[in-house]
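Residue-level listing of the chains:
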Amino acid sequence: MADDGIVVVGTGQAAFQLVGFLRDEGYAGTIRLVGDEAHLPYQRPPLSKAFMNGDCEIDSLFFQSREHFQKRDIELHLGARVTRIDRASRFVETATGVRLPYSHLVLATGARNRNLPGLDKPYPWLVNLRGLDDAGNMRERLGGAREVVVVGAGFLGLEFAAVAAKKGLAVTVIEAGPTLMGRAISAPVAAAFRRHHEALGVRFLLGTTLAALDEPAPGRCRVVTREGEVIEADLLISSIGVQPNVELAQDAGLRCENGIVVDAFLNTEDPAISAIGDCAAFESRFSLGLCRIESVQNAMDQARCLARTLTGNRAPYDAAPWFWSDQGGLKLQIAGLSHGADQCVIRGDAQTLSFSAYLFRAGRLVAVESVARPADHMAARRLLNAGVEVQPQQAQDLNVDLKSLLPVAEPLAAQPV
Amino acid sequence: MSHDHANAPAFPMKRCPFSPPPEYAQIRAEAPVSKVTMPDGSQAWLLTRYDDVKAVLGDNRFSTDPAKDGYPFISPARASLLKYEKPATLIRLDPPEHTKHRRMLTKEFMITQVEAMRPFIQETVDALLDEMIAKGDACDFAEEFALALPTAVIANMLGVPYEDREFFQERAQAKLDLTADPSVPLKAGEEMRAYLDTLITEKMANPGNRSDLISRLIGTQLVPGHLSREEVLATIELLLMGGHETTANMIALGTLSLLTNPDQKQALIDDPSLVKNAIEEMLRFHTIVHYNGPRVAMEDVEVAGQLIRKGEGVMAMISAANRDPEKFPDPDKFDIRREARHHVAFSYGVHQCLGQHLARLELSIVFTTLFQRLPSLELAVPVEELKFNSDAFVYGIKSLPLKWEPKMQKFFSVDYSRCVGGGLCVMAAPKVFAQNEDDGLVIVLDDNPPAEEHENIREAARLCPALCIHIDK
Ligand SMILES: Cc1cc2nc3c(=O)[nH]c(=O)nc-3n(C[C@H](O)[C@H](O)[C@H](O)COP(=O)(O)OP(=O)(O)OC[C@H]3O[C@@H](n4cnc5c(N)ncnc54)[C@H](O)[C@@H]3O)c2cc1C
Ligand code: HEM
Ligand code: SF4
Chain F
1 MADDGIVVVG TGQAAFQLVG FLRDEGYAGT IRLVGDEAHL PYQRPPLSKA
51 FMNGDCEIDS LFFQSREHFQ KRDIELHLGA RVTRIDRASR FVETATGVRL
101 PYSHLVLATG ARNRNLPGLD KPYPWLVNLR GLDDAGNMRE RLGGAREVVV
151 VGAGFLGLEF AAVAAKKGLA VTVIEAGPTL MGRAISAPVA AAFRRHHEAL
201 GVRFLLGTTL AALDEPAPGR CRVVTREGEV IEADLLISSI GVQPNVELAQ
251 DAGLRCENGI VVDAFLNTED PAISAIGDCA AFESRFSLGL CRIESVQNAM
301 DQARCLARTL TGNRAPYDAA PWFWSDQGGL KLQIAGLSHG ADQCVIRGDA
351 QTLSFSAYLF RAGRLVAVES VARPADHMAA RRLLNAGVEV QPQQAQDLNV
401 DLKSLLPVAE PLAAQPV
Chain C
1 MSHDHANAPA FPMKRCPFSP PPEYAQIRAE APVSKVTMPD GSQAWLLTRY
51 DDVKAVLGDN RFSTDPAKDG YPFISPARAS LLKYEKPATL IRLDPPEHTK
101 HRRMLTKEFM ITQVEAMRPF IQETVDALLD EMIAKGDACD FAEEFALALP
151 TAVIANMLGV PYEDREFFQE RAQAKLDLTA DPSVPLKAGE EMRAYLDTLI
201 TEKMANPGNR SDLISRLIGT QLVPGHLSRE EVLATIELLL MGGHETTANM
251 IALGTLSLLT NPDQKQALID DPSLVKNAIE EMLRFHTIVH YNGPRVAMED
301 VEVAGQLIRK GEGVMAMISA ANRDPEKFPD PDKFDIRREA RHHVAFSYGV
351 HQCLGQHLAR LELSIVFTTL FQRLPSLELA VPVEELKFNS DAFVYGIKSL
401 PLKWEPKMQK FFSVDYSRCV GGGLCVMAAP KVFAQNEDDG LVIVLDDNPP
451 AEEHENIREA ARLCPALCIH IDK
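Protein chains in written order, with our numbering: chain F, 1 to 417; chain C, 1 to 473.
In isolation and in its complexed conformation, chain F is listed as follows (with noise of 0.2 Å):
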């Protein structure tokens, strides 16, 4: 049979970083990057932090040129949406009918933002902060408003919310549970996080929903709470979570649990296709069953491990995963997977801005979330890895050095970070 080689769909950062790591490994075969967005893939990170603020401009944002692109031989299909596989003959077909072979096909689709419920029209002043364009949008609003409601206080709402507060716009952030970043996060962090945000201006209302939404006059919005309080803004950036880009996948048979099941080889059940990034869902020693994961590390790690599967060097995806966010300048770095951790010690003063949170599940280390401590999380991702056991006394004791616990001190440069 012919080599079709491989088509990846998506051009987000996993789909990025794996078409690189190929051609790096060596592979020679077709390349095939497929994705719905016009733009060359770009960061999403700072879209929420250095890019909305104002820092750098758009152009900072993209991995590479077009020549680039032609230089490693990688075909690029650019606003090109898939809108379904045949499994059996073994190729995409794109919204405009296109048809592309594989050998292998690799769904990168990423995730999406769940939109506000109850909303009956698209409203200028809405933003969904997700892709380049939102952003693009965003900034440009952002430059004229005063006020702005941020819906839900996940990583990217609060992120926006500090970069508005910053400027000195006024700032409501409206959120249905009752912390901040609420299932991702330990309450000590979520604590420090509200001072810190508050400091910066920001005003919270905790668990309460939008009962109504409108637009009292041209280009301004007005947000009317479950309890009834109302809240005009210039501007209303919904980040109410997202939700795995699926329906490719599970149209083509292929079974999906919040996100495209894949085993610890990151393949589905069909040995010709794999997922890796936001949208896949796999289980692996750090986590409790399926988990799906949203970050640069996850995207990076699963890429690498993918492209030496595809090209030889099958190795099981195993790394441990760390995500980080930048609130107005204060730093939380988080290794490890924090869910159905039932105790939680404090190395440093919670009462501060800097200090780390260790969870543990059962007696085990299952997470460390650090503020403005990277050290502690530098040490957290080694004693991760390394699997080494942590005891909650040696954690919360500033006189135990915890890298010390590490079996031998591998150079940083030596471990795939």
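Everything hinted at is true.
On the chain C side, residues computed to face chain F include the following (Cβ under 10 Å):
1) T112
2) A116
3) E123
4) S215
5) S417
6) C419
7) V420
8) L424
9) N436
10) D439
11) E459
12) R462
Derived pair list, reagent style BS3-like, types lysine-lysine, alpha-carbon separation capped at 25 Å:
13) C:K203 - F:K166
14) C:K187 - C:K86
15) C:K107 - C:K276
16) C:K276 - C:K333
17) F:K167 - C:K203
18) C:K431 - F:K71
19) C:K403 - C:K387
20) F:K166 - C:K107
Please keep in mind that the hints were generated in silico from the structure rather than gathered at the bench.
By construction, the Cβ of each residue, glycine as well, lies at the ideal position given by its N, Cα and C atoms.
Using the hints provided, position chain C with the ligands relative to the given structure of chain F.
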């Protein structure tokens, strides 16, 4: 006054650029508690020994209230300003009034609260230096850096628009000028309060959810009626003035001292952990508040064996105390390694500087950044040509022309504050970048890399998820 001494020398005495009036040393040696004649002809006690100065400043039987009989005025301008100052600010109040007002502000200036300003201060220092470097290879450092930083910081903290800085800088300088016609500081004070009054009105009309100190004062003191509007105005004015002139002069003079002691400057570059000590020494050596608060005795008090009678004025000079050889051996030597922490440059007792943690934080950020960024910084004119502000309440320097070697065009620069330790830069350009063993943050191995590394650095810049790496070309 009944107990006048015949040959009491005139006060104030003329100081030198880098030391208080030489008479202080002589008086300290010969008659440590003796009288001086104030400009209005009255007499007051002059204290020059460390222990005596502290004894008076720490003793609440001495009042700082200019309305009290016998309060010594150091100039006619000061007299007109202070006598009619209504309402009196913190610095002019005695306990228990003082305690009540000071307590309202204590929390705002606690170390933990002030620490939160660190990122802003560092960003501002970096931006000001960037601007200086971008403009060329010389500047008036006093104006463009030393004054600009504390102005931006206090404006940010209070919530006063930085755009209005020229207005309040000018008014602050006019208020502190001891030689001006008395009408000048009075008018400056009025204009300042009128300006702040408008600001308060605006903030009250449009509370939004601001987190600046003025808004908090409005919310916690003015609205509930703990302070009158006039009192709030006076407090803000004091903070605004106290917050920038002092620190500005300290930055300029501290820089100057290091430039004129190049070995100490080098030591500081080589070992940044010296900064803490260096700052204390700068504060001691210059003691810029060289006419610190006069006092008047409210009862008969004995100081160092000398009876000071009720109603007599006292000048307890912290600038003299900080040069007392008993407490600071070889006191006229600037030495960043000496133990200087016990200095009284922030005064002593209940009026000890409220903003000292903020001042120290600003100074420590400045002196851990300045010479690292500009190791070639030097004076652009001979020291003898520098003009000092001897006649102001706060000693300082009007203009400090500095120059530096224009920096070599760098291929790239790194914004360390954004790094999240992902290590993608190391992957792309392992000869140029590494990660710190401990915290994973980026380290530059070669800041002037050969041309064949340029493409890798470009790649690193594009990969870095925090956009830390900038190609300057
Ligand atoms: C604003 C923002 C800030 C972030 N900040 C951080 C951070 O600080 N730290 C961190 O670790 N992570 C952060 N993330 C998350 C991180 O960016 C993502 O985890 C990462 O981009 C995931 O990459 P991906 O390639 O899996 O998915 P995506 O980047 O979402 O890419 C998927 C691409 O596939 C396209 N696509 C989907 N379906 C189809 C189809 N049928 N046909 C063609 N194309 C399709 C999509 O349009 C999209 O372009 C942030 C994300 C956002 C949006
Ligand atoms: C290097 C910089 C500074 C020096 C050397 C300094 C020095 C002093 C001194 C000597 C006093 C006592 C004055 C007296 O008794 O006459 C004082 C009081 C005071 N300072 Fe500072 N100061 C500095 C920076 C600041 C800053 C940044 C602020 C902040 C806003 C500030 C606010 C005050 C206030 C409010 C008082 C009055 C306190 C009281 O009376 O209770 N100062 N300062
Ligand atoms: S890639 Fe950027 S964020 Fe990561 S270590 Fe390098 S400089 Fe830091």
